[in-house]
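The listed protein sequences correspond, in order, to chains A and B. Under the working numbering, the letters of the first sequence match residues 1 to 167, in that order. Under the working numbering, the letters of the second sequence match residues 1 to 272, in that order.
Keep in mind that a hint or two might mislead.
To list a few chain B residues with every Cβ distance to chain A over 12 Å, as calculated [claimed, not checked]:
(1) 7
(2) 18
(3) 21
(4) 53
(5) 55
(6) 57
(7) 63
(8) 69
(9) 72
(10) 84
(11) 112
(12) 116
(13) 130
(14) 180
(15) 184
(16) 267
Computed footprint of chain A on chain B; a stretch qualifies when at least three of its residues, placed anywhere within it, have a C-beta under 8 Å from a C-beta of chain A [stated by the list, open to error]:
(17) 118–127
(18) 236–243
In silico contact screen, one side only, chain A against chain B (beta carbon under 10 Å); selected entries [claimed, not checked]:
(19) 8
(20) 11
(21) 61
(22) 82
(23) 95
Calculated directly from the structure, the hints in this document are not laboratory data. Here the structure is a predicted model, which means the values were calculated and not measured. Ideal Cβ placement from N, Cα and C applies to all residues, glycine included.
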Amino acid sequence: MYIIARNIFRFVVLILFQVLVMDNVMINGYMIPYIYILFILLMPFETPRWIQLLSGFALGLAMDLFTGTPGMHTAATVLAAFVRPYLLDLLASHDGYEPETFPRVHFYGFLWFLKYTLLIVLIHHLALFYLEVFQLKLFFSTLLRVILSSILSTSTIVLSQYFVFRK
Amino acid sequence: MRTLLRFFQSYSNLLLFLLLEIIAFTLIIQGSSYQRSKLIGLNRQVTGYIYNKVDGAREYFALKEMNEQLVQENTEMRNRLDLISSSLDSATVVSDVKGDYRYYFVKSRIVHNSVSKQLNYLTLNKGKKQGVFRDMGVISDQGLVGIVLESSADFATVIPVINRNFRLSAKIKSNNYAGILQWDGSSPRFAVLTEIPFHVDLREGDTIVTSGFSSIFPDGIEVGRIESFSLEKGNFYDVKVELFTNFQRLFHVNVIRNYRQEEQLNLENQNR
């Protein structure tokens with residue numbers, strides 16, 4: 001029960017923070033940090049997969065409603081929620097993940113968390129930015145935006161683990 | 001039957017994933033600007049309210065800059081006033097000018113703004129109650145901003161120049177050749193003027209203004225200046241236009257209400 005309440009609280013806080021603060025942070029009009037994806041990153045390991053997918057859907061839909069985009073965030077977050085279990089398997093050490101732990105720096109270390117965040121952020125940003133542009137003419141300029149924004153998002157998310165979401 | 005059930009059981013997550021993605025893509029494809037605005041209209045009041053609250057803080061940090069803008073605008077107004085009064089002294093005033101003005105400006109504040117997306121939108125804190133309706137033009141002190149897409153009781157959504165769905169007729173001030181102003185999605189500082197024939201004499205630094213062909217904007221609202229041009233598509237120039245309006249630093253705008261818009265549209269539709 002406690003974990004569910006915590007996750008719902010985190011959901012609301014991240015959406016509001018993204019829409020009200022982060023969306024106003026723009027560097028060159030190229031880079032924009034999307035940190036709301038942190039909600040998907042921090043879901044407990046043993047969350048049933050259908051709940052992960054539906055949470056991703058709800059997260060994207062909330063972002064779409066706030067920013068006025070039709071379905072783009074939804075498509076990207078559902079994709080991120082779908083690939084997360086596979087990535088977790090890929091990044092697991094020999095012993096797998098221990099019960100009573102969460103996917104955080106605190107339990108699995110800086111390097112593990114960095115790799116995990118970077119991969120999910122990249123997948124999410126690739127989907128999001130290309131859906132937004134929806135044409136191949138701008139392929140390389142979009143790729144540049146994806147890379148720059150991914151670096152910015154990943155570093156913001158990793159830093160947040162040390163200052164805000166410490167436990 | 002049992003194999004079918006087992007199939008669904010073992011692939012249930014994949015199926016759920018596909019279902020959710022289909023819903024998302026339906027939203028994307030259905031989401032042309034008009035239907036989208038209807039859907040968003042439902043939550044415009046709510047998000048508008050939240051943005052309005054938060055905007056107070058943002059505005060506080062920008063006070064200095066806004067002050068400078070206002071001082072500059074003041075100076076320009078004074079200069080114009082000077083010009084007018086000096087010409088009034090020497091001219092006879094026509095008495096029936098009074099009450100016959102065509103445009104009315106509604107001062108409005110931007111409560112939400114995006115510049116880094118492909119489909120950028122602005123939210124204004126004026127709506128139907130203050131006489132802001134669909135298809136009204138929006139300008140700033142610097143120049144053209146965009147067109148009102150939809151309004152609710154207290155808020156309005158604006159398509160700015162820097163939205164990939166934006167289209168407006170604009171012309172080159174020096175020789176009056178008109179083209180279509182749109183945005184290529186690359187930088188919020190530049191827009192593109194297309195459909196200028198190859199024989200037109202273009203110069204870097206020339207001013208682009210609105211053409212007045214649509215009923216939305218008056219003739220001659222300043223848009224930007226020519227940064228560069230190229231003849232890629234054969235017979236027509238692609239002109240890169242540096243916009244006068246700095247969308248990253250935009251706080252106050254004027255919505256243009258054209259009292260004769262309806263009359264003009266009716267006439268145009270009759271002859272179609």
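Find the hints from earlier in the document that the structure breaks and name them by number, from lowest to highest. 2, 3, 4, 5, 6, 11, 12, 15, 18, 19, 20 and 23
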